[in-house]
Structures are given as structure tokens and as C-alpha cells.
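Peer 1: Turn these sequences into a full structure, and let the hints guide you.
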Amino acid sequence: MRDSLQRFQRWAEKRLPALTRYRRPESLPIELHRRRIYIVPSGFGIGFSVLLLVMLVGALNYANNAALLLTCLLGATSAASMLVAFRSLDGLRLSHVRAGHAIAGQPIELTLAFDSSRQRNAIRLDLGGDIVAFAIDANTTAQVKLTLPTAQRGWQPLPRLRLWSTWPLGLFRAWSWLHPDQSVLVWPRPEVVGPSPHAPADDARHMHLHRGDELAALRDYRAGDPQRHIAWKASARHDHLLVKDFEQPQSRPQWQLDWRQLNALDNEARIARLARWLNEAQAQRCSYSLWLPGDEIASSSGPLHYARCMNALAQLP
Amino acid sequence: MTSPAPRRKAIEPPIDPRAFDLLSLTLAVVLGLHAPHLPWWLSIALALTLGGRWWQRRQRAGRVPRWLKLPLLALLTLAVIVEYGNIFGREPGSALVVGLLILKLLETETTRDARVASSFACFGLMTALLFDQGLIATVVVALGLLPALASLRALEPGQSPVSLARGLLPGLALSAAALPLALLAFLLVPRLSSPLWGAPSPGPARTGLSDNMSPGNFTDLLTDDHPAMRVSFDGAPPPADLRYFRAYVMWNFDGRSWRYADARYAGPREPATLEADGSIRYQISLQPTHQRVLPTLDVPLQAPAQASLQADREVLADKPVNDELSYSARSALRYRLQSTLDERSRRRGLRLPAGFNPRTLALAAQWRQRYGSDDAAIVQAALTLFHNGGFRYTLAPAPLGRDSVDDFLFDTHEGFCEHYSSAFTVLMRAAGIPSRVVTGYQGGYWNKFGNYLLVRYSDAHAWSEVWLAGRGWVRIDPTGAVRPERVSLGAAAAAGDQLSWYRNDWLQGLRNRWDVVNRWWDQGVIGFDALRQRGLLTPFGIRDTDTATLGILLAISSVLFITIGLAWALFRRRSHDPLRDALRDLERRLARMGVVRGVTEGPHHYLSRAARALPGQRDELARLMSCYLELRYAHDEPPPESLRMFQRAVQDFRVVNVVK
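First to last, the sequence lines map onto chains S and V. Note that the first sequence covers residues 1 to 317 in this note's numbering. Note that the second sequence covers residues 1 to 660 in this note's numbering.
Don't read these hints as lab results, they were simulated from the structure. Misleading hints may appear alongside valid ones.
Not the full set, but computed from the structure, chain V residues with beta-carbon under 8 Å of chain S [as the list claims (entries may be wrong)]: (1) Arg-115; (2) Val-141; (3) Leu-174; (4) Ser-257; (5) Arg-259; (6) Tyr-371; (7) Ile-526; (8) Arg-572.
Glycine included, C-beta positions come from ideal geometry on N, C-alpha and C.
Peer 2: Right under this line is the structure:
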């Protein structure tokens, strides 16, 4: 049933492009305009109109004018609700879309920012099977979060989103298609198991150089302190010498992750392995550098660095 | 920036408590509107069910189990059948509707259920109007739509929370906006000239005057202050003491009650002769009585359409009056009715049942002896007796025995119009003067605002007519001898403080004035039938508006209203930020020259870039930029004077093509 409906929809879109005239992606911001808002009675609306018809015939049959007046009032109110349904979408603006991070196969979180000059209620956004309902206050921005399933690494264009509402009475369903011209970057899926990265040789001198290079405090000079540790500027303000005291941090390994080391593997396997190594490096909080064809990322650490490396991996051809 | 918590749609999510509260409120309103005509035990049982379900769902969301629901359904059907005998018809049908509605609440958990219940509640509200379509009832029922609309709104997911009372307001605004279209549809929806099925069963009608009169059976009528009829006169209304409306003329007395014999028993006869001196025209709109009699001002000259004048100049319609009826008639206030009395009528006018009221007969014989053949003197003697004999006007008289007139005249000395007219007529007959009892209405309230006379059921009255040689039938109101204000001021004044508190003066005055609204409602809305609808366009030269014309008119005017509505829907308010609008204007102008503002580009960067790209306007652009930056960032609210200058500068900005 659902499949045939979707087939019909595809056929209709091909035959009658005007049905979804904004099928092509368009750049943000997208402001909804009357020409792209469609409205039909909902199933409940059809049932309700049958009820109105029964009430009308009953009132006419019993020549009961008060009941007829009530029926007319209810009917006119439902007709007016159609305009309200239209207005709840008209003029709504999708200003930007922000994507979170996700590896291929996991859903990626999207944040859509809608803004509006007046208050709107009960607007719903469909993406695949996911429906989110939200409200916007006048002259504010609503951040709507929803998730998009992903399949493979790389740039994934945003699908067409349906924005709809049955506000205020549920009798009419107004909808519009949004197809932002924007893609989200999906990170590669790391391999599940594999060898550890080739640990670079621990150069003792190198370690020494880097040992204790974080300034912890100033202390009084003791005989034997190296001269270059004396804090000359600080000492000038005191009557005795002060020495920079350096902490001795845990030695942090530095990983050099290199595309060229993985000659034996095909491209995707190399990417998966590098992704796993990046994860491990990030988990162990060590600093790492990454060499990729056409991109070389210097050694560093932290989430931003991690994201940069993953992005570079994701964008490999 | 707001960050609403988006809600994910699960499969058939339960409705939230606010929507359920509103739905319960809707059903409570429906039940409240139907309670007056439901059996009391059913109302209480349904109210308890409603309250119990509401309480149960407050504790824990979930349906009422099926083993409880199905027996309740069976019980409801059984109760309706036991009470009414069947499930069809107005009363049993509405009882069933209300009951089913409340049972529906037991299983209402999802949006779909709640929507069905809400719309069914609208139907339940409409059925309440089958019982009472007065103005107040209609307004109350229409207000009952508000919680129904509010609960439909509350079912929509993802909305800003509002208080319960504020939740009702948007529905009111929506209905108010829809009211013009509703009124138009009401005017133009073609009425049926005959019902498609069944006939509506007549409501619990007020019987009004009945065709017989025995002591005490007026009491209900005299305490019922619903409107009986409304009379508007061509010209000045008659003076208060001549506002007698004739309904039944009763000849037959069986010792206890007076009985009206219509033409079926008395045989068709010509109306009694009438010599009239001047006449008065008037229109009466009569509330349904389910009887044939049409009260007319004493004494009618001719019968209205579809009615006939009977022998004693009472008017009977061809069919019982089952709907409100308007008729116009002409009456004479000064008249001589039936100046010659035939022998048969004389005998009827003197007939008394044998063996009743011996003391009355003796008194009459005594008067006859004293005054000889002077009938007028005997009438005067009787009125004097009522006036001076210690008689009291009361709506709660002592009960009378077998010789009711004897008991009244010589023992209890208290009663109201029917006691007096009955006793007086018996006295006259015993004295040999042909006489009869006439019932109808007397008095009424003159409504200044509407220029009409409002006659209530409590204005029902009974008086006597005696036949005097040379003068014909003369109206004698013996009650007036006891309580003159009954005639001059009306029933309520005569009853004094015996009436309940709510009929005291100022409230009564208010009710009388309010009646003008009721009359407008009854005539303009309730009485707007197929016939009136056909004459709707008479002012525009169309004598007979048929169904097709009405349909076309309805379509045209609906389109008109929808156009107005669309204009509203498409209207977009200008943004509150004129400065941004002006900058957008500038951006449009610059974009034509190929300097398009980037999505993430700030105004400073953009305008600097534009100045570099368009060296011809570098100075002007630099000025505009500094002006914009000052207006935007130096003030909370841009000063209107500078803002106007900036707008003008943007408008004057022309892109000059520079030949490179």
C-alpha cells in the first residue's frame, strides 16, 4: 500500500512537475510562499464534513433554525480554520541547517533553524519516518533537531523535507516541500578490529625536550637550577631570584598516522583503519598527525583536531 | 532564541492531560445542557461516570478495560429503553447520544478517539437545541462549541502552552470571524418546505387556555409568565381597560365546570350579528398552543385567513396551532352584539344543572323579586355584592365542595377570575338573565421599545357576558368589582405579594423589556421558514426566490467571503525593522551591479566590498555605511529623523555605470 502510494507519487511528480515545483534543491534561506503551500482536507476533516452534513439535514428536516444556525457557525468556523492552516506555514523561513557528526550507518543529527515574524503552532517536519512538532514565537528562531540516516562516508545531500501542519483544528492539512541545497559530511566508519598503529620510536632526547614544558609555578632559586629556568622579568620585581618550575607531565606518545604506510590495503580499508586509529588516539588523548594524499595535517590533539582529521578522511575520493 | 523541546511521534501517542481536560469539559457542557430533560438518575449516573473517568486518567493514563465498558454500554441502552420504551425519537435519541458520548470518553486515549469525541460532542450540542431554541439556549449552546474547538486545538502536537481560559479564546475569535459567513449561509441555505422524514414530535407545549373551566384549573396558567402572544396595533393601542382578548365562549355548566361546545356539537351557525362603531386593526403572533382557538381582541369583526368565525364570535383556526402563528384581524371596541336573541339561545343562556347551589338560586330569586324586571339593577346588585361582600382576590383559594358557587359566595369568599365569573354567571342565570362565561386574556404589558403588547399566560382571564334587552351581550367583569387593578394593571399587580420573589416589580419590568429581544429572535430567526425565505429578496425586486436562485446566491457570496478571508490570509505585515528593509533595498540595487551579499557577510564587510567594486560611488557608499552602522549600533531605537534620511539616501542611490 505504502509502496504503491510512493510509486504513484513519483509518477505524479514526473508527469505534473507543478505538483512539487520546488523539487530541485534551492539555496538557503528558504521562505515559504503561497505558491508552494498546498492544502487539502485531512481524513478527519472529511469525516467532520460528513457530520456537518448530517447536522444540516437534521436541522433542515426538523425546521429547527437555532440548530441550523449552530451548524452554519460550525461549518463557517471549519472553513476559516483552512485559512489559519495556510497562514501557519505562509512566510515561515528556514534560515540555516547545521549538521552534527556521525559515522556512516549511524543517524546524523540535523539542526534546522526556522524563523518567523509571527507566532506559529504545531508545525511538523517529516524526514523519512521521523516527525518533529514544534512551535515558534513571534520574531524568534526555533531550533528543530531531527536525525537523518546515513549510509556511506562523504558528502550526503539533504533529502527533501516535508513541512506540514494541521493547525488549528486538524481539519485541514497544509504542507510544503523544502529541499535545501546543502549536504552533510558523514565520517567514515572505522574498522572493528585491526593492528595497532606502528608506534613511532621513542626518542629519549625528543622526549626530554618535550618533558616538563608546561609552566606550573614560580619558586625561589636553589643552587643547581639551570640558568635558563630563571624568570628574569619576575625576579626583577623581587629581591631574590625566582625560578620557573616545570611540571613533569606524563610522557605522551605522538602518533604519526600515514596513508602511505598502508600500501597493502585498498582505499576504503585504509580509510577505515585510519579512522580506527584516529579514534584510539583520541581516546588515549595523545597528539597525532595525519598524512593523506593531497592533505597533510600537523600533529595536534583535541576534539577540533579530531574533527578536522575525520573530515579529511571523509572527503577522500 | 527559543529552543522548543521537539516531540517525537510514537505510534498512536496518548493525548496530553490538557486536551483530555478540555474534552471532559466539553462533555460536561453537553451533559449540563441535556440534564433538564434527561431522567435525573441518568444525569447523575452519567455525571459520575464522567467525573470518575476524569479522576482515573489524572492518576494514570489508560483505557477503561473492556469488561467494564461493554456492560456499561448495555446498561445505557437498557436504561433508555426502560425509561422511554424505545431508542428512537427526540428524548430517547438525545439520552442515547449523551450516554454514548460519555462512554466514548472511557476509551479515549489517542488523538483519533479524542477527535471523534469532540466532533460527536458538537452533534450532542445541536440536539440540545431540539428542546429549546430560545435565544439564551442558543447562545449557551454556541458557547459550548468553545471547549470543543479548544480540545481539537489542544490535540495538535507542539504548541506553546497556554492557560485553560486563554485556550478557549482563539476558538471564540475564530467563530467570531466566521460569524458573517455563518449568518449568510443561514439566510441562504434553502429550507425544506416539507420534512424529508418523520415529523418532529411536538414539544412539551404550554397548553394555554383550555376549552373548559372549573374552579382552580387556571392556577397553573396564572403563575406561568411565559409569553402567550404579542400584539401590535395599527395606530394607538386600545386603553388598558378594553384589552380583552376573546378565546372561548362557554355556555354549558354542569355544576362544577364550564365547557366550551364547538361547532361539532352546537352545529354550524352563522356568527352572531354585530353592530360596530369604529374598528381597530392589529397583528397577533401566537405561541404554539396545539389548539385551534385564536384569541382576538373583543369583539372580532372578521376572521383572519385560514380561520373561521364561530357563532359567538370566537375564532377557530382550521388546524391546531403547532408552530408560532401570526395573524391579523380587525375588531370593534364599541359594539352591540346580537341585539335580538333567539329562543334557543335564550334557553341555553339560562340553563342551570338541577339540584346544585340552592342558596345561590334563592339569592337570585330574592333579587328578581326586589328589582322586578330591571336586569341592569340585578347585575349591579351582584357587582355590589362582590365589591362589598368581603370578597378577596387570591391565587390560592380554599377548595370548594359540591355546591361550588354556594360555597364560594357564602363561605370562602376568596378566589380569582374564574371563581368570580362562574359565580356571577350562575347568579345571572338563576335570576333569569341569559349569560355565559368568556375566557381569554386580559391586559398585557405594553413594550415601548417594540411597540407591541406582550401578553403572558399569566394574563389569562375569565369574565361574563350577560344579554340585556336593547344592548345585546354586555361584557361584565366581576373580578374587576373585587380587584379593579386586575383589569387596569394586570394579573401580577392583582396577585400582590403572593407571587414568588423573582416576579417582583423591577425584575418583572426587566423581563418585560427583554422580551423585545425574544420577539426579535422568535420572529427573525426561529420563524424564518421556507415561506419567509422565498420573500427574502422582495426588497430587490425578486418576488419569489426559488431554490436555484438561493443556491447561486449562496455560492456567489461564499466566494466573496472566501476572497476576503484569502486577502487576510495572504496579507503580510511589514517587518518591524524599517532599517533592515532599507538595507535590503540597497542590497537589491547593488546586486544588480553584481555585488551580491554573501550569506555570512556582515554589513560592514559587504559595503566596503561594494565600495571597492564600484569606485564611482565609493564616497556615497562609505557615507551610507557609516550612517547604517550608526543607526544600527549606536542606538537602541534608531531616531526616526535619521532613519528617514537614510531611507531617502537609499532611494536616491543610483548605480552609475563606470566605463572602465
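Peer 1: Hints first: check each against the structure and report whether it holds.
Peer 2: Hint by hint, here is what the structure shows:
Hint status for Arg-115 of chain V: holds, given a least beta-carbon distance of 5 Å to chain S, under 8 Å. Taking 8 Å as the C-beta cut-off, the interface hint given for Val-141 of chain V holds, the closest approach to chain S being about 6 Å. Because the smallest distance between the Cβ of Leu-174 of chain V and any Cβ of chain S comes to about 5 Å, under 8 Å, the interface hint for this residue holds. Interface restraint check for Ser-257 of chain V: the shortest CB-CB distance to chain S comes to about 37 Å, outside 8 Å, so the restraint is violated.
Annotation: interface hint on Arg-259 of chain V violated; nearest CB of chain S at approximately 35 Å, more than 8 Å. The interface hint given for Tyr-371 of chain V is broken, as the beta carbon of that residue sits about 59 Å from the closest beta carbon of chain S, more than 8 Å. Interface hint status for Ile-526 of chain V: upheld, as the beta-carbon distance to the closest one in chain S is roughly 5 Å, under 8 Å. Hint on Arg-572 of chain V holds. Least Cβ distance to chain S is approximately 6 Å, under the 8 Å limit.
Hint compliance for this structure: hints 4, 5 and 6 are broken, all remaining hints hold.
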